Amino acid sequence: MIIRQLALRQGRRSLAPQWRSARRWMSSEVDSISSSMQNSLNETHSIESMLNSLPGERVQPIDDETHQTADTENIGTVFAEFKRQRELQKPLGAIVTPHYEPHTLVTNPPRPSDISLELLLASQAHMGHSTSLWNPGNARYIFGIRDGIHIISLDQTAAHLRRAARVVTAVAERAGLILFVGTRPGQDRAVVKAAELSGGCHLFDRWVAGGITNGTQILGRGKVKVVDEFDQEVPGFEEQLVERASVKPDLVVCLNPMENYVLLHECALNNIPTIGIIDTNANPLWVTYPIPANDDSLRCVQVICGILGRAGEEGKTRRLAAAQAGNITFTPADGFVMPGEEKTEQQKLPRVLKLGASIEELEKQDAMGNRPLKKDPLPRNFIEGEVRERVPRFHDAKKDL
Amino acid sequence: MGVELRYGLRRALHSLRAPPTWQQRSCVASSHRTSRPSKAFSTSTSHRQEPFTAAPEINLSAENNIPILKRIRVVPASPSYFSGKPAFTDDLLALQALLRKYQTLPVVETGHAPRIAWRTFESYKSFLGSEPIKASKYQRLVAILHRLNHIHPSLMPQEVKDAMERYKREINPFANVAKPKPVDEWGRAMGLGRRKTSTARAWLVEGEGEVLVNGGSLAQYFGRLHDRESAVWALKATQRLDKYNVFALVRGGGVTGQAEALTLAVAKALLIHEPGLKPALRRAGCITRDPRKVERKKPGHLKARKMPTWVKR
Amino acid sequence: MGRYDFRPQRVFQTASQLLAVEHSARRATPPPWFDIVAKTPPSQVLIRPLQRTQPARRGRKPSRLFQPMPIVYPEDKLRAEFFGDHPWELARPKVVLEGDGNDAMHWDWSRIQQPGKRLDGESVVQRQFWLMQYQGLGKNEAYDKARKEFYKYRHLEDIERRVANEEAQATGAYFGPGPLEYGMKLEDRKWEAWKKWATKEIEQRKQLESAVYSGSETDEDSVDAPADPEALGEEPEEPIAAV
Numbered sequence: 001m002i003i004r005q006l007a008l009r010q011g012r013r014s015l016a017p018q019w020r021s022a023r024r025w026m027s028s029e030v031d032s033i034s035s036s037m038q039n040s041l042n043e044t045h046s047i048e049s050m051l052n053s054l055p056g057e058r059v060q061p062i063d064d065e066t067h068q069t070a071d072t073e074n075i076g077t078v079f080a081e082f083k084r085q086r087e088l089q090k091p092l093g094a095i096v097t098p099h100y101e102p103h104t105l106v107t108n109p110p111r112p113s114d115i116s117l118e119l120l121l122a123s124q125a126h127m128g129h130s131t132s133l134w135n136p137g138n139a140r141y142i143f144g145i146r147d148g149i150h151i152i153s154l155d156q157t158a159a160h161l162r163r164a165a166r167v168v169t170a171v172a173e174r175a176g177l178i179l180f181v182g183t184r185p186g187q188d189r190a191v192v193k194a195a196e197l198s199g200g201c202h203l204f205d206r207w208v209a210g211g212i213t214n215g216t217q218i219l220g221r222g223k224v225k226v227v228d229e230f231d232q233e234v235p236g237f238e239e240q241l242v243e244r245a246s247v248k249p250d251l252v253v254c255l256n257p258m259e260n261y262v263l264l265h266e267c268a269l270n271n272i273p274t275i276g277i278i279d280t281n282a283n284p285l286w287v288t289y290p291i292p293a294n295d296d297s298l299r300c301v302q303v304i305c306g307i308l309g310r311a312g313e314e315g316k317t318r319r320l321a322a323a324q325a326g327n328i329t330f331t332p333a334d335g336f337v338m339p340g341e342e343k344t345e346q347q348k349l350p351r352v353l354k355l356g357a358s359i360e361e362l363e364k365q366d367a368m369g370n371r372p373l374k375k376d377p378l379p380r381n382f383i384e385g386e387v388r389e390r391v392p393r394f395h396d397a398k399k400d401l
Numbered sequence: 001m002g003v004e005l006r007y008g009l010r011r012a013l014h015s016l017r018a019p020p021t022w023q024q025r026s027c028v029a030s031s032h033r034t035s036r037p038s039k040a041f042s043t044s045t046s047h048r049q050e051p052f053t054a055a056p057e058i059n060l061s062a063e064n065n066i067p068i069l070k071r072i073r074v075v076p077a078s079p080s081y082f083s084g085k086p087a088f089t090d091d092l093l094a095l096q097a098l099l100r101k102y103q104t105l106p107v108v109e110t111g112h113a114p115r116i117a118w119r120t121f122e123s124y125k126s127f128l129g130s131e132p133i134k135a136s137k138y139q140r141l142v143a144i145l146h147r148l149n150h151i152h153p154s155l156m157p158q159e160v161k162d163a164m165e166r167y168k169r170e171i172n173p174f175a176n177v178a179k180p181k182p183v184d185e186w187g188r189a190m191g192l193g194r195r196k197t198s199t200a201r202a203w204l205v206e207g208e209g210e211v212l213v214n215g216g217s218l219a220q221y222f223g224r225l226h227d228r229e230s231a232v233w234a235l236k237a238t239q240r241l242d243k244y245n246v247f248a249l250v251r252g253g254g255v256t257g258q259a260e261a262l263t264l265a266v267a268k269a270l271l272i273h274e275p276g277l278k279p280a281l282r283r284a285g286c287i288t289r290d291p292r293k294v295e296r297k298k299p300g301h302l303k304a305r306k307m308p309t310w311v312k313r
Numbered sequence: 001m002g003r004y005d006f007r008p009q010r011v012f013q014t015a016s017q018l019l020a021v022e023h024s025a026r027r028a029t030p031p032p033w034f035d036i037v038a039k040t041p042p043s044q045v046l047i048r049p050l051q052r053t054q055p056a057r058r059g060r061k062p063s064r065l066f067q068p069m070p071i072v073y074p075e076d077k078l079r080a081e082f083f084g085d086h087p088w089e090l091a092r093p094k095v096v097l098e099g100d101g102n103d104a105m106h107w108d109w110s111r112i113q114q115p116g117k118r119l120d121g122e123s124v125v126q127r128q129f130w131l132m133q134y135q136g137l138g139k140n141e142a143y144d145k146a147r148k149e150f151y152k153y154r155h156l157e158d159i160e161r162r163v164a165n166e167e168a169q170a171t172g173a174y175f176g177p178g179p180l181e182y183g184m185k186l187e188d189r190k191w192e193a194w195k196k197w198a199t200k201e202i203e204q205r206k207q208l209e210s211a212v213y214s215g216s217e218t219d220e221d222s223v224d225a226p227a228d229p230e231a232l233g234e235e236p237e238e239p240i241a242a243v
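Protein chains in written order, with full-length UniProt numbering: chain A, 1 to 401; chain B, 1 to 313; chain C, 1 to 243.
It is possible that part of the hints are untrue.
What follows is a list of derived Cβ distance ranges for each label pair [as the list claims (entries may be wrong)]:
1) C:W107 x A:K223: 33 to 41 Å
2) B:K70 x A:E239: 19 to 27 Å
3) A:F79 x C:W194: 51 to 59 Å
Calculated from the structure, these hints are not laboratory results. Bear in mind the structure is a predicted one, so any value in this text is a computation, not a measurement. Glycine included, every Cβ here is placed at the ideal spot set by N, Cα and C.
Same shape as in the complex, but just chain A (with noise of 0.2 Å):
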């Protein structure tokens, strides 16, 4: 419906005759619509003709040079005029009780503490795919079969997702670095607000194959830098940072599993852990915390995804908390010297040891760093004992779980 101009229409109306509208306040026929529809469209014509008469143009003439119009200083108290009824008119009509405004999900994500199976309800968290996609490796997460898709069980969901939580509190709390991944349409935002939250890294493009397997190539030329236990970065360190590696996340978050096998294979084989969304089509072996829910439904995500975000933030919270009260929760990075002094022999060696390197290996890196030859190699197991020997036990999982 397109409503004219006020005047205009009052003015007809009032210099109507009054007895047409008294019949047509009386008129409740069917067959009268189509003829008052066209009365009302010869109506309209008339009023069409005569806004066209009138005199004044409807858009104002742009000056091409200056940018403005004849009213381009009217604009801005036009303009505020419209923000000020906007906001007089806002309480009025209506209060919709709580109902699902979709941007809130990404301005103020839920928290852990706000996971319920309703909000999980609501998200289609429990919606899988077609029982012919299944991946039978999730008969765990399915709750039954509902119009031909799987139904995901949403207490799985909701425990599995308050676990995830927790890693992700624990992980940033140490300072671990979080990355979240969502490279679906649609995803950005959600990751980059969860990113932000907890201070980790976000990623909505693309996974460049290598990132982590092959970083000094793929990533090399990003830039990194040296933090203290505030967050604040601490200068002096620069020529040091050159030689290092590429940053690699500690923990990753993934969304969208399905189009990121690279990205968490290249996990698998660096020994990072990894949170994902695994629908009913999805292999769970590919992440080591599956979240068992719908990653096809945006909302579904964005809630998932919020609430760890929320969950790295409330770790960030903490560490910031302790490093105020003097504590450092977290490891700090080795192999740095103060700026201007010599690194040691011991620190020029390698550091890292891949999986399977063997003690021999570790002579042979001795030998190299002009330290006495051990002739009489301990056997593995050996040091094993002697470490547990050593260190009490704290962690002791079945005291634990």
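Using the hints provided, position chains B and C relative to the given structure of chain A.
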């Protein structure tokens, strides 16, 4: 025997020198232990707990007591580090956020925003410093800039102006407009034309169609009919032959070059009198300078391109 | 690597082994996730819970033991019956968005109309179910009652819409072409285009037929022949006036 003794001594020393964190390590961890995981999560494999911890607690009352090396870590400078093109991604996100913030401001009509020359793709790429960006990605950025530029000039926030500055070319080619040439006090308009090596200056006044080329009439100066026509082609094509008088000075070159240089000169002078004729003159081919010149002779060639005849032995 | 890659699940064990090796060289730095992953190990994977039990039948092995079961609700049959009788109800637009996840709790099916919910087939099904549950009506009886309530309110809605339409028009509104008018317009356009095409086809065919029967030259050649050379050629040069 001696070796064994020495080794045993080293081990003893190691155990003494073991980091103090081993004894204190789990204070933090145990305090943050939140709740017992439910039975559903019992692992299929029982973990043998290893005596390592990620967070050695260093608790000293005054932070100054902690040496700097004990509290530093390495992090990416940008959260977009893993995208492989962090600077570009940060730029894109910043512009998107800006647009989201000022999306509701009134805009000018399409095509009426100030014309701005944004950086070319190559210029932006070198500006960022060799990030592997694709032209299509840069187009997304330019699209946002274009939209921001359409915010009404009287309401354009300073923030947006500052952000756009970063993507503008150093020199705005649209600001470079030719100075309009006026008709002088005697009603003359001067136009300059060139062709091959000839140069022609033509003055156009309103009149009856008289033409003077270097002091002589058109027929005297140009013997060839075709040249006479091309000298005043601009006037002829627009049917203004009897409305203007032409006074022209032609220098250099040959007859054809002079005649066609005159075409351009007369057309330019005519445009000063009647700018609206430009499309018609362009269709008549009077506005474009013909850039062709005699190609230079090259060494080893007989002429510009001609090669000497190939002789066997 | 094998068929299954368990490395993601075994990050902690791998890290422990690495650390044990590195520790002997006094280089052990556990990653930040080390103790939290130890405390909250990944859940079990590749577990198949038994979904159903089947009575032992002679000569047959139990099958589909580990496949999920279909989820069935008592309303399903009522729904099928209603939409079987009223298939066009399925063509109406339907809101599938959930507000807070408790939307169904806010509804009270002691009456068929609900605030915040459009009257539709689902209303009938829920109302019928409520009547069967709480008023002890039989299935058919409840169906009739709910159905008639539905008809009544649907009729009222129609009247309301019509009156609103009239009111709007009385106050100067006008509506664009409706879906039917629009469809007719499209159809007309197609029909006219076809008519033009068909006339041309018929003409051509007639020409062809006449050519076949008479055996004389058709005028197709002249159609295919290039256009008048005079029209294509350049204009004769005008005599140039001596200036």
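Each hint, compared with the structure:
1. With their beta carbons about 57 Å apart, W107 of chain C and K223 of chain A fall outside the hinted range of 33 to 41 Å.
2. Judged by the Cβ atoms, the range 19 to 27 Å given for K70 of chain B and E239 of chain A holds: they are separated by roughly 20 Å.
3. Between F79 of chain A and W194 of chain C the CB atoms are about 53 Å apart, so this pair conforms to the stated range of 51 to 59 Å.
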